Amino acid sequence: MKILVCISHVPDTTSKINFVENDTQFDQQGVQYVINPNDEFGLTRAMWFKEKQGASIDVINVGLAQTESTLRKCLAIGADSAVRIDAEPLDGIFVAKQIAAYVQENPYDLIIAGRESIDYNGGMVPGMIAGILGLNFVTNCTHLSIDNNKATAEREIDGGKETLSCPLPLVIGGQKGLVEESDLRIPNMRGIMQARKKPLSVLPAFEAAPDTKINTFYKPAEKEAVKLVDAKNIDELIDLLHNEANVL
Amino acid sequence: MSILVYIESSEGAIKKTGHEGTSYAKALAEKMNCKVTALTINVSDTDSLKEYGADAVLQVTNADLKHFEASVYSNIIAQAAKEVSASVVVISSSADSKYMAPLLAIELNAGYASNVTDLPSSLSPFRVKRTVFTNKAFCDTTLQTDVKLLGLSNNSFGVHKNVGEAITTSFEPVLKPSSVQVDSVEKVVGKATIADADIVVSGGRGLKGPENWGLIEELADVLGAATACSKPVSDLGWRPHSEHVGQTGKPVATNLYIAIGISGAIQHLAGINASKVKVVINNDPEAPFFKAADYGIVGDAFEVIPKLIEKLKAFKAQSA
Ligand SMILES: Cc1cc2nc3c(=O)[nH]c(=O)nc-3n(C[C@H](O)[C@H](O)[C@H](O)COP(=O)(O)OP(=O)(O)OC[C@H]3O[C@@H](n4cnc5c(N)ncnc54)[C@H](O)[C@@H]3O)c2cc1C
Ligand SMILES: Nc1ncnc2c1ncn2[C@@H]1O[C@H](COP(=O)(O)O)[C@@H](O)[C@H]1O
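As given, the protein sequences belong to chains Z and S, one line each in that order.
Here the first sequence is numbered in numbering that gives the first Met the number 0, starting from 0 and rising by one per residue.
Here the second sequence is numbered in numbering that gives the first Met the number 0, starting from 0 and rising by one per residue.
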């Protein structure tokens, strides 16, 4: 089985979000970049397939040279090879077109992406890849098993879950549940050494245009100070929620 | 030129997001000077759509559409969009809508903005406000395509009464075959879900253990609220994963979010920021959550919750 894992290189969850250049660019200063958490669950599930059922794992990122440290980390965790498509990820459709064009030339049985990235967080890329290529697609995927050519997946829905099945090839948008957090792997010395020898190829961007353009970023308005209510005076809280906030 | 809004339903009943989407579409239609068509699937009573401003309803009734399947539903919406020459398609931010939206964007060649929180600030160019960095920031985005797909963030616009015609016609799309099969659906019935509820009551590690969740559930019951939890609570197995909210869990955009025994870590706050009113109950006055909340009580959850339940019951009885 050939697996492709789509890796988004994102600011770590504790990052302070600030903008520069007249609020048109994200301020990268002092920001640590990590594998998008949803993608890390996906990569770890791919490792499970590799070890238990036999599979090869390629990882792909659409980004500039700075994302290579994240791709190397994926190689150290256990991916076999990495591809970077050398382009600024302009928007969801642009990234999806790049990955779809690559997959058209290099077919895979399973394409694992994350449910959403925590930076751009559009939740667009996996569905758009599936849409462009006409492949089967399951998102919010919390479990995936593969038997011969048939995939069985669980999807989190509002208020529960559902089980779906379909033949490969398949694109998923994965999240926690694909594996548990305790199964995530920290690259060890041996992995890091091996990763240096694994191929990381850089491909030129395919011809594609974005559909959207970000003009400016802005942060939510400063909050007013919290109104504290004495624990002995719960009636006051109910009164505030009813008469002031109008939520009861 | 027209606007198509897809109306979500559950067991044949229109969801609140359907009324919110219609209200939004109507307000946008007034700016664009065009009509709003609502699309329903297996909803028999479409009357209420009129009250929120739908001018026309395309009603699909088909027993083969019992289960939501993303590629089939997105294809139906694309057919309807073509039928009414829609230049804007409005959908919600539910799990199902977010699932099918990228497929729909491809079918319609539409630029897609998810998590939209307001009406466009300008129509030409078409600029919308959406959340990014999991609710830590917003951005102003231009959609450059002829057809635009907007995923409206839940509870961001609200429902507004309008006057519409809502002339209902039945619509018979060609059903696209799909090789993705829905084998089973497990859904809690009769209980508010985090996505739909107007109020969410959420518990953190401060509640000490799963045996104490009766308090959270009782409080939620009194309020008709959904229950949620912080990440460690679901990691520890005290509560199911589906209740984990935050940056890496479910997003919460509700009217009232009550956080009990939750410290207010940045990853937690990111996921619940979009909620309108936040109440925190925590025994540590230094807990970071107090900086993000509108109302707070410094106190022991085990003393405060029972009193709150009792007072709320009295309040409900009195206002009933
Ligand atoms: C990559 C990453 C992603 C993450 N994503 C998320 C996420 O999506 N969602 C999320 O929630 N977290 C997330 N976290 C975890 C987050 O950083 C915090 O660890 C977590 O939110 C803390 O949960 P908590 O507030 O329940 O527990 P704690 O931080 O232990 O806080 C417990 C609180 O309860 C209070 N308390 C104790 N006893 C009582 C009492 N008797 N009465 C009242 N209050 C009491 C304490 O004062 C304290 O403030 C993430 C972390 C990482 C690294
Ligand atoms: N620049 C990128 N390169 C490779 N994969 C990406 C990129 N951006 C997003 N993805 C994948 O698409 C998923 C959803 O991202 P998004 O649509 O941005 O929310 C991520 O979890 C990744 O798996």
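What the hints contain is simulated information worked out from the structure, not anything from laboratory work.
These numbers were taken from a predicted model, which means no experiment stands behind them.
Any given hint could turn out to be false.
[As the list claims (entries may be wrong)] If you anchor each label on the Cβ, the simulated ranges turn out as follows: (1) S/Gly-157 - Z/Gln-103: 39 to 49 Å; (2) S/Thr-168 - Z/Ala-208: 46 to 56 Å; (3) S/Thr-168 - Z/Arg-184: 48 to 58 Å; (4) Z/Ala-208 - S/Glu-285: 29 to 39 Å.
[Stated by the list, open to error] In silico DSSO-like pairs for lysine-lysine, Cα to Cα no more than 27 Å straight-line: (5) Z/Lys-160 - S/Lys-65; (6) Z/Lys-149 - S/Lys-186; (7) S/Lys-290 - Z/Lys-218; (8) S/Lys-275 - S/Lys-310; (9) S/Lys-275 - Z/Lys-15; (10) S/Lys-190 - S/Lys-207; (11) Z/Lys-231 - S/Lys-310; (12) S/Lys-128 - Z/Lys-222; (13) S/Lys-128 - Z/Lys-15.
[Stated by the list, open to error] Listing some non-contacts, in silico: residues in chain Z with all C-beta distances to chain S over 12 Å: (14) Ala-54; (15) Ala-86; (16) Ser-164; (17) Gln-193; (18) Leu-199; (19) Pro-203.
Positions of the beta carbon are idealized from the N, C-alpha and C atoms, including for glycine.
Status of the hints after comparison with the structure:
1. A hinted range of 39 to 49 Å for the beta carbons of S/Gly-157 and Z/Gln-103 is consistent with their spacing of about 44 Å.
2. At about 37 Å, the CB distance of S/Thr-168 to Z/Ala-208 disagrees with the hint of 46 to 56 Å.
3. In this structure the hint that S/Thr-168 and Z/Arg-184 lie 48 to 58 Å apart at CB holds, the actual value being about 56 Å.
4. A hinted range of 29 to 39 Å for the beta carbons of Z/Ala-208 and S/Glu-285 is inconsistent with their spacing of about 50 Å.
5. Between the alpha carbons of Z/Lys-160 and S/Lys-65 the distance comes to roughly 16 Å, so the proposed pair stays at or under 27 Å and holds.
6. The hinted pair formed by Z/Lys-149 and S/Lys-186 meets the criterion: a straight-line CA distance of about 25 Å does not exceed 27 Å.
7. Distance hint between S/Lys-290 and Z/Lys-218 is fulfilled; the C-alpha atoms sit about 16 Å from each other, no more than 27 Å.
8. For the hint pairing S/Lys-275 with S/Lys-310, the CA-to-CA distance comes to about 23 Å; that is within 27 Å, so the pair holds.
9. With a C-alpha separation of about 22 Å, the suggested pair S/Lys-275 and Z/Lys-15 falls inside the 27 Å cut-off, and the hint holds.
10. For the suggested pair S/Lys-190 and S/Lys-207, the alpha carbons sit about 24 Å apart, so the restraint of at most 27 Å is met.
11. Distance hint between Z/Lys-231 and S/Lys-310 is fulfilled; the C-alpha atoms sit about 12 Å from each other, no more than 27 Å.
12. With a CA separation close to 20 Å, the supplied pair S/Lys-128 and Z/Lys-222 stays within the 27 Å bound.
13. For the proposed pair S/Lys-128 and Z/Lys-15, the alpha carbon gap of about 21 Å is at most 27 Å, so the pair holds.
14. Here Z/Ala-54 stays apart from chain S, with its beta-carbon at least about 21 Å from theirs, past the 12 Å limit.
15. Every CB of chain S lies more than 12 Å from the CB of Z/Ala-86, the least distance being 18 Å, so the non-interface label holds.
16. With a closest Cβ-Cβ approach of about 5 Å to chain S, Z/Ser-164 is found to fall inside the 12 Å limit, against its non-interface label.
17. The claim that Z/Gln-193 is not at the interface with chain S holds, since no C-beta of that chain comes within 12 Å of its own (minimum 29 Å).
18. A cut-off of 12 Å between C-beta atoms confirms that Z/Leu-199 is not in contact with chain S; the least separation is 27 Å.
19. Every C-beta of chain S lies more than 12 Å from that of Z/Pro-203, the closest at about 24 Å, which supports listing it as non-interface.
Hint check: violations occur at hints 2, 4 and 16; the rest are consistent with the structure.
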